[in-house]
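Peer 1: Chain residues, written in single-letter form:
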Amino acid sequence: MITSQQLIDRIQKNVGVPWQSQQSDGFSDGILFGSPEATVTGIVTTWTPTLDVLRKAVSSAKNVVICRQAPSYSRGERAPVAWRNAPAPSKEMLDKDPVWQAKQDFISKNNLLIIRFCDNWDARRTDGQLRGLAKALGWEKFYLAQSAKDDYEPRNVYFRLPATSLNNLAEGIKKKLDIQGLRVIGKPDSSVTKVALTHGLLLVADAEQILREPGVDAIVTGDAVEWEAAPYFQDLVAAGKAKGLILLGDEASEEPGSGEVADWLKGFVTEVPIEWIPAGDPFWVLS
Amino acid sequence: MKLSRRKFCQVAGRGLLVASPLVRALGQSPSTLTAREVVARIKKNVGVPWFTPTADDFKIGEPDAPITGITATFMSTLDVLQRSAAAGNNFVITHEPTFWSAADVVSDLREDPLYNYKLNFLEKNKMVVWRFHDHWHAHRPADGIFTGWNKAMGWESYASPGADPFSHEYVIPETSFEDLARDMQKKLNTHSMRLVGNPKLRVTKVAHAGHYIQQCMQVLPHVDVVLVFECREWEAAEYLRDAVASGQKKALIQLPHEGGEEAGMDECARWMKTFVTEVPIKFIPSGDPFWMPT
Chain A
1 MITSQQLIDR IQKNVGVPWQ SQQSDGFSDG ILFGSPEATV TGIVTTWTPT
51 LDVLRKAVSS AKNVVICRQA PSYSRGERAP VAWRNAPAPS KEMLDKDPVW
101 QAKQDFISKN NLLIIRFCDN WDARRTDGQL RGLAKALGWE KFYLAQSAKD
151 DYEPRNVYFR LPATSLNNLA EGIKKKLDIQ GLRVIGKPDS SVTKVALTHG
201 LLLVADAEQI LREPGVDAIV TGDAVEWEAA PYFQDLVAAG KAKGLILLGD
251 EASEEPGSGE VADWLKGFVT EVPIEWIPAG DPFWVLS
Chain B
1 MKLSRRKFCQ VAGRGLLVAS PLVRALGQSP STLTAREVVA RIKKNVGVPW
51 FTPTADDFKI GEPDAPITGI TATFMSTLDV LQRSAAAGNN FVITHEPTFW
101 SAADVVSDLR EDPLYNYKLN FLEKNKMVVW RFHDHWHAHR PADGIFTGWN
151 KAMGWESYAS PGADPFSHEY VIPETSFEDL ARDMQKKLNT HSMRLVGNPK
201 LRVTKVAHAG HYIQQCMQVL PHVDVVLVFE CREWEAAEYL RDAVASGQKK
251 ALIQLPHEGG EEAGMDECAR WMKTFVTEVP IKFIPSGDPF WMPT
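Which chain is which? The protein sequence lines are A and B, in order.
Count the first sequence with my numbering and you get residues 1 to 287, in order.
Count the second sequence with my numbering and you get residues 1 to 294, in order.
Hints are not guaranteed to be accurate.
Lysine-lysine pairs mimicking DSBU-like chemistry, simulated, CA-CA at most 30 Å apart [said to hold, decoys possible]:
no., chain 1, residue 1, chain 2, residue 2
1, A, Lys56, B, Lys249
2, B, Lys200, A, Lys175
3, A, Lys91, B, Lys249
4, B, Lys186, A, Lys187
5, A, Lys176, A, Lys141
6, B, Lys126, A, Lys187
7, A, Lys241, B, Lys282
8, A, Lys135, A, Lys187
9, B, Lys186, B, Lys282
10, A, Lys56, B, Lys200
11, B, Lys124, B, Lys273
A short, non-exhaustive set of chain B residues, derived as facing chain A with CB atoms under 8 Å [what the hints assert, rightly or not]:
no., residue
12, Met217
13, Trp234
14, Glu238
15, Pro289
In short, the hints are calculated from the structure, not lab data.
Predicted, not measured: the structure shown is a model, and the values here were computed from it.
C-beta atoms are modelled at their ideal positions from N, C-alpha and C, and glycine is treated no differently.
The following block holds chain A by itself, in its conformation from the complex (with noise of 0.2 Å):
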């Protein structure tokens, strides 16, 4: 037996960083929902807990959800991060929202703990998230590692794919992924090789990062804000100074690493089953 306090005091002691458990702002990791005596009856991993992946994770028997996202539709922040997401929305909001109404009460009555892991994951010496990505993909092959040590090391990138166009990489990752919503800056028939792969919300200062080394074609990403890194990658497409860059989508580009997450708990956490429900893309597009 395992109480969802053991559970965590397990992950503190495995994660390998010292723990961090306060934000200046935002959602911190830890349990969102649910209480730290609550037996775990099994651990279902995920990018977001939508209603689905809950419903999912009861009909399981599972009554964990450890996730990236909280469950609320926001994260957390009181103050917008440079108008780029809103400030979430206050208590009083969210309680007369039918929708927040119905995950709530589907959380409450079925008793599940909502434990958020994303921080401290991410603070760890792999980039879990990359890796998971990569896997995904089935990149593993082209890695450009530094050293025979590098386990995808946060700030290493990089990947050599044998030369394809910018439309048949963009079309293979859609399929291999399994995909809608996925969005291409760059002409179609640019030829790539050298690209870099990060996952979640791609920022100017990180663009200016990651093409610091020389030769990189393209950036495959989560999402990118409209007037920030889009249009510099338009631009650098203008100037002739870049190819491409393709948006997987937040979902997308994140919940590989769940898989990872729930691969990496196995390792320690032997009582109970754990699962990776991928929540999924939510979107779908016109054909």
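Assemble chain B onto chain A, guided by the hints.
Peer 2: Okay, now just chain B, sitting in the frame of chain A:
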């Protein structure tokens, strides 16, 4: 004969660019119009008192030099600047930033090769860039961006009167969600629309919800379809996906930012032509930045 300034402008605007005896008699050449003078006319015509702080300011160039022509655009990308220079327009009025941040902060970009490339292009072509964001939204009697958007969609008569500009609500003839999306894609010339919800859902009430989750929460109870652009995916998309999963008959259209606002700068070009006639004015679309593979 005393020629009013307005009359003079109309004469000059008809393409009489060589200094006629009349122009010489007035001691003024049509080519002396400056960017700063254009901005003064914008301030006079915008229908609200000018306020601060605001992003609406000169971002680069010499505001007191004569201008050759005006480009109105949604985003002053390098491509738009190049097309403006080719069209002979050295004054660019842009709704969105030039240097990739909301406040066009360039202090961190001094060493950036792309920043220097864009800067060199602007300087070499003696271009002036002025941002027109906050006050074009504040324009009265109606937000200039959404006036343009409504025209592009042909939805002027469907808009609810008195709605807050960023949460315009519409009652449209009933259609399916998928057909609505197709119609919108065509009219707004977008290539990267992303959708949540049942394609066959019958829909008639539609609302803009701006960029943020609170706006989505405010409009969702009244409408079938929520429209957002430049909204983080963990906000609108996840919210609508849960709304659908919990049994609500709702849908989301996530447009590229241009799809949501670019038509408003076409409107801006039309509007400026009513009080700036000395130089040509052209709307140059920056266009949907994205394409999607099949």
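Peer 1: Would you check whether Pro289 (chain B) satisfies its interface hint, that is, whether its CB is within less than 8 Å of any CB in chain A?
Peer 2: Holds, because the Cβ-Cβ distance from Pro289 (chain B) to chain A comes to roughly 5 Å (cut-off 8 Å).
Peer 1: Restraint: Met217 (chain B) near chain A, CB-CB cut 8 Å. Satisfied or not?
Peer 2: holds, 5 Å
Peer 1: Does the structure keep Lys186 (chain B) and Lys187 (chain A) at a Cα separation of 30 Å or less?
Peer 2: With Cα atoms ~22 Å apart, Lys186 (chain B) and Lys187 (chain A) stay inside 30 Å; holds.
Peer 1: Take the C-alpha atoms of Lys200 (chain B) and Lys175 (chain A), compute the straight-line distance between them, and say whether it is at most 30 Å.
Peer 2: holds, 25 Å
Peer 1: Holds or violated: are the alpha carbons of Lys91 (chain A) and Lys249 (chain B) at most 30 Å from each other?
Peer 2: holds, 25 Å
Peer 1: Starting from Lys186 (chain B), check that the Cα of Lys282 (chain B) is at most 30 Å away, please.
Peer 2: Satisfied, since the Cα-Cα distance of roughly 22 Å is no more than 30 Å.
Peer 1: Hint validation: Glu238 (chain B) versus chain A, beta carbon distance must be below 8 Å. Holds or violated?
Peer 2: At about 5 Å, which falls below the 8 Å cut-off, the nearest Cβ of chain A leaves the hint on Glu238 (chain B) intact, so it holds.
Peer 1: For a C-alpha distance cap of 30 Å, please report whether Lys126 (chain B) and Lys187 (chain A) respect it.
Peer 2: Distance of about 29 Å is within 30 Å: holds.
Peer 1: So if I understand the rule, the pair passes when the alpha-carbon distance is 30 Å or less; does Lys56 (chain A) with Lys249 (chain B) pass?
Peer 2: holds, 21 Å
Peer 1: So, Trp234 (chain B) near chain A? Judge it on the closest CB pair being under 8 Å.
Peer 2: holds, 5 Å
Peer 1: Mind checking the alpha carbons of Lys241 (chain A) and Lys282 (chain B) for me, to see if they're no more than 30 Å apart?
Peer 2: holds, 28 Å
Peer 1: Quick one, are Lys124 (chain B) and Lys273 (chain B) close enough, alpha carbons at most 30 Å?
Peer 2: Holds, at about 27 Å.
Checked against the numbered hints above, the structure violates none of them.
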